[in-house]
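**Q** Chain order of the listed sequences is U and V.
If you use the working numbering, the first sequence corresponds to residues 321 to 901, in order.
If you use the working numbering, the second sequence corresponds to residues 195 to 491, in order.
It is worth saying that the hints were derived from the structure and are not from the lab.
Here the structure is a predicted model, which is why all the values come from computation and not from measurement.
Don't be surprised by glycine CBs; every beta carbon is placed ideally from N, CA and C.
Among the hints, erroneous ones may be present.
Unchecked claim - In silico lysine-lysine, PhoX-like type, Cα no more than 20 angstroms apart, as pairs: (1) V:Lys-255 - U:Lys-726; (2) V:Lys-475 - U:Lys-758; (3) U:Lys-560 - V:Lys-475; (4) U:Lys-852 - U:Lys-898; (5) V:Lys-255 - V:Lys-208; (6) U:Lys-712 - V:Lys-475; (7) U:Lys-674 - V:Lys-475; (8) V:Lys-475 - U:Lys-726.
Said to hold, decoys possible - Take a look, some chain V residues computed to stay more than 12 angstroms from chain U by CB distance: (9) Gly-264; (10) Lys-335; (11) Gln-352; (12) Phe-398; (13) Tyr-412.
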Amino acid sequence: MVDLQWLIGGEAGYGIMTTGLMMSKIFTRLGLHVFDYVEYPSLIRGGHNAYYVRGSDEAITSQKKTVDILVSLNAETVKLHMDELAENAAVIFDPSVIKLSVEQFPVSVRLFPIPLLELTKKVEADRLMINTVSVGSSLALCYKEFTVLEKMMQDTFGKKGEDVVAININTSKAGFDYVVENFGPTHVADIQAMPQKHMLMSGAEAIAFGAIRAGLSFAAIYPMTPINTVMTMLVSHALKYNIVVKEPEDEIAGINMALGASFAGARSMVATSGGGFALMTESIGLAAQTETPIVVILGMRPGPATGMPTWTEQGDLRFALHSPQGDFPKVVLAPGDMYEAFEDTMKALNLAEKYQLPVIVLVDKHINESHATVEIDAFKSLSASFKIERGKIVSDQEALSETEYKRYALVEDGISPRSLPGQQGGIALSGSDEHDEKGLYNEESAMRIKMMDKRFKKLDVAILNNEFTGPKLIGDPDSQLTIVSYGSTKFAILDAMRQLKKENISVNFLQVTYLEPFPSVVFNEMIGKAKKTLIIENTKVGQFEGLIREKTGYVFAHNLRKYDGRPFYPEEIVECVKQLF
Amino acid sequence: MATTLQDLNIDYDKPNWCPGCGDFGIWVSLKNAIVQLGLKPWEVVLVSGIGCSSKLPYWVKTFGFNGLHGRPMPVAEGIRLANSGLTVIVIGGDGDQMAEGGNHWLHAARRNVNLTLMVHDNQVYGLTTGQFSPTTNIGEKNKATPVPVVEAPVNIMQLALASGATFVARGYAGDNKQETELITQAIQHKGFSIVDTMQPCVTFNHHNTFAWFYERVYKLEEQGHDPLNKLLAFEKAEEWPLRRPLNEGEKEKVATGVFYKEDRPTWEEGTPQIAEIPLVKQSTENRDIIPLFDELL
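Could you build all of it, start to finish, from the sequences and the hints given here?
**A** Here it is in structure tokens:
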């Protein structure tokens with residue numbers, strides 16, 4: 321069995337991210353299950369970057385605590401990650417840059433001094449390519465053939481020309497050969513390549529692909545970690561799919577542009593993190609009041625204020641649920657993996673238009689920026705089975721035949737057919753004031769009640785239409801313990817469950833997949849069957865735990881919280897669970 | 195069939211501005227301009243923020259979006275990108291556009307979005323009963339400040355010029371003929387156009403009244419102003435508003451008319467996705483995303 325975690329560390333600006341992703345893809349191409357996780361400061365150059373890649377021939381869904389192969393491009397990396405090394409871990413380093421001896425380490429390690437710099441010179445590559453050498457060396461430590469890397473360099477750099485392909489192949493081959501010649505191959509593991517059924521996807525990519533598939537026409541996104549990849553993915557495919565993606569002057573402009581486009585009839589979305597969401601909030605109320613469809617991808621990171629911009633937390637849950645001012649219906653979906661991020665984004669774009677309200681897809685840095693192997697076939701089938709549903713949009717013909725079109729007609733299901741600018745006969749005004757059926761401002765008591773009830777009715781109808789699926793119970797229903805959580809904690813929880821199972825501890829997982837409207841009845845039914853319960857969340861104050869108590873009355877006896885900017889590790893969950901027995 | 199003024203009237207409500215409000219003049223002029231240009235009412239979208247003037251879209255029978263205070267501009271930009279077949283006009287007061295929304299129109303100007311911004315400039319906050327605004331003159335006594343206003347007013351014309359607006363004009367609500375002409379030209383202009391209209395507030399601004407303006411306004415074109423000369427436009431804009439207290443015996447000169455215009459590619463023209471067909475007319479069904487998966491292997 322292979323289950324190894326590779327880590328490359330070095331100064332920001334030295335290609336750590338590219339190298340890490342390359343390693344993830346190598347493992348993916350060898351048919352392994354992969355999860356990668358990256359830690360980096362909010363700096364362009366100079367800070368410490370760490371890219372963890374875990375590959376296993378068994379299913380895994382999370383990074384783990386221990387490192388089996390460490391590539392240290394500088395002395396700091398050894399210092400910072402020494403305590404993470406597994407017994408007998410391999411350490412790759414350049415002896416001309418760092419001096420290392422086995423006595424320095426708290427566990428027994430195998431040192432692989434490799435003249436990375438010298439090897440770059442030998443193949444006439446830039447000295448910055450030491451990381452590429454290290455990829456070749458790393459591969460040699462766990463796989464016998466170089467061809468997989470050669471093919472990947474061709475695929476990755478093919479567009480940049482033969483020279484670029486050649487230098488990348490030569491550089492990584494130099495690292496591979498050096499290990500084989502000086503140490504012998506497959507020292508750390510001997511991966512048996514399997515047919516590739518997976519692709520490697522980040523949550524941000526899943527979101528962008530979901531949006532593209534679901535017919536997104538317009539997005540206005542102000543850059544912010546951790547949603548930048550959503551933006552860059554949309555931008556890189558914008559011309560192919562005719563999606564207008566604009567960078568606004570701020571998040572207020574972003575959401576208002578998206579609302580304008582949506583009002584005009586284009587399927588629209590924005591993406592942001594807590595700080596940008598703070599700016600958007602008033603306009604989310606505007607979307608609700610004018611019943612203009614909008615999807616907001618909210619990628620959480622630790623706050624308040626700038627907080628820890630490149631780390632992870634779930635501290636914006638209540639913020640997503642409760643902002644801004646006023647009572648209004650909204651939907652908050654909470655995907656926990658790449659499949660759900662893809663599906664929920666598609667679903668969100670449908671729901672926003674069908675029910676003419678704001679839909680928030682609540683994610684975080686951990687899901688957005690981590691990559692996991694996902695089944696290609698599963699994504700193909702999710703994509704194939706998806707249908708765009710745009711809800712009640714008045715056709716040009718219907719608009720023409722209107723004698724007195726009412727944008728906010730008080731219809732039974734609360735969803736008034738929406739005309740679009742340009743439609744003769746469909747003339748209407750959408751206003752942020754409370755209004756009557758025609759959209760004219762109106763502050764009468766009876767009308768206020770009718771309009772409030774109409775807006776909220778839409779959410780009731782969505783529930784009746786079974787638009788929301790979940791919570792999901794994963795694992796054996798008769799388990800001794802039920803873990804409750806939502807969002808990206810799913811990665812570590814599922815991984816912990818597999819480990820616990822090996823130790824004959826049966827744990828199941830009640831995953832809450834949407835937070836507004838809250839599935840109180842179903843949740844209570846499901847939690848009622850649990851023998852013992854544990855709630856896990858990435859917050860200090862227990863926002864999710866409090867929400868469940870508020871919505872269901874259920875009180876948890878045990879919780880596991882974390883708020884240091886790091887995601888949960890399966891080991892932490894395993895340890896916590898064991899203490900409960 | 196040609197659009198008539200009657201087509202633009204709604205029958206279930208009427209403006210509730212104070213009698214004598216300058217907004218009436220702009221309202222009439224805007225409708226005149228739409229009629230003169232022969233625009234179809236359903237292909238016009240009036241987008242406004244919050245304030246007295248921002249109520250205007252309620253009383254013109256076109257499409258309308260009455261958004262948040264200060265934020266109509268990005269809504270309008272989104273509408274233009276989604277459906278470039280529409281005529282989009284943003285309506286806001288000096289508070290809405292120069293204070294809360296100041297950021298947005300500067301960017302719309304540099305992008306050269308093909309829309310028109312109409313600023314109803316009464317130099318005071320009316321709906322909130324008389325606080326000073328970013329265009330209030332220095333020295334005005336006001337309920338929002340214990341001493342007369344010390345802040346220099348925003349020079350909208352200069353700000354527009356510096357931001358890259360490609361049609362810059364000032365109107366006066368007391369001159370419907372000129373106002374109609376300016377709005378007409380602004381709508382016809384391909385690119386970002388701004389018409390800042392001096393609009394006396396009869397309730398809260400007892401200084402900048404119709405009579406006050408009547409004595410001070412003059413028309414740029416009557417002085418042979420060349421609207422293609424940006425530096426000259428900047429100079430003319432420097433005449434008023436003053437960034438200092440008025441000198442003893444001094445009388446302001448308020449230029450009106452087209453300060454500047456230029457031809458520059460629009461934001462929409464720089465967006466190839468909408469070069470041929472407006473976004474809302476394009477099908478998004480059955481997009482094949484499977485080729486994208488190749489990048490993830």
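**Q** Does the alpha-carbon distance linking Lys-560 (chain U) and Lys-475 (chain V) stay inside the 20 angstroms limit?
**A** holds, 16 angstroms
**Q** For Lys-674 (chain U) and Lys-475 (chain V), compute the direct alpha-carbon distance and say whether it is at most 20 angstroms.
**A** With a Cα-Cα distance of about 19 angstroms, the restraint between Lys-674 (chain U) and Lys-475 (chain V) holds, given a limit of 20 angstroms.
**Q** Lys-255 (chain V) and Lys-208 (chain V) were given as a pair; does the straight-line alpha-carbon distance stay at or below 20 angstroms?
**A** holds, 11 angstroms
**Q** Against the 20 angstroms threshold, does the CA-CA distance of Lys-475 (chain V) and Lys-758 (chain U) hold or violate the hint?
**A** violated, 26 angstroms
**Q** Would you assess whether Phe-398 (chain V), listed as outside the interface, keeps its beta-carbon beyond 12 angstroms of every beta-carbon in chain U?
**A** holds, 21 angstroms
**Q** Say whether it holds or is violated: Tyr-412 (chain V) keeps its Cβ farther than 12 angstroms from all Cβ of chain U.
**A** Non-interface label on Tyr-412 (chain V) holds, nearest chain U Cβ at 35 angstroms vs cutoff 12 angstroms.
**Q** Does Lys-475 (chain V) lie within 20 angstroms of Lys-712 (chain U) when you go C-alpha to C-alpha?
**A** holds, 17 angstroms
**Q** Taking only the CA atoms, is the gap from Lys-255 (chain V) to Lys-726 (chain U) under or equal to 20 angstroms?
**A** Roughly 13 angstroms separates the two Cα atoms, so the pair holds.
**Q** Grab the minimum beta-carbon distance between Gln-352 (chain V) and chain U and tell me whether it stays above 12 angstroms.
**A** Non-interface label on Gln-352 (chain V) holds, nearest chain U Cβ at 20 angstroms vs cutoff 12 angstroms.
**Q** Are all C-beta atoms of chain U more than 12 angstroms from that of Gly-264 (chain V)?
**A** violated, 8 angstroms
**Q** Against chain U, does Lys-335 (chain V) keep a CB gap of more than 12 angstroms to every residue?
**A** holds, 32 angstroms
**Q** Given the hint that Lys-475 (chain V) pairs with Lys-726 (chain U), test it: the Cα-Cα distance must not exceed 20 angstroms.
**A** violated, 23 angstroms
The structure is inconsistent with the numbered hints 2, 8 and 9, although it conforms to all the rest.
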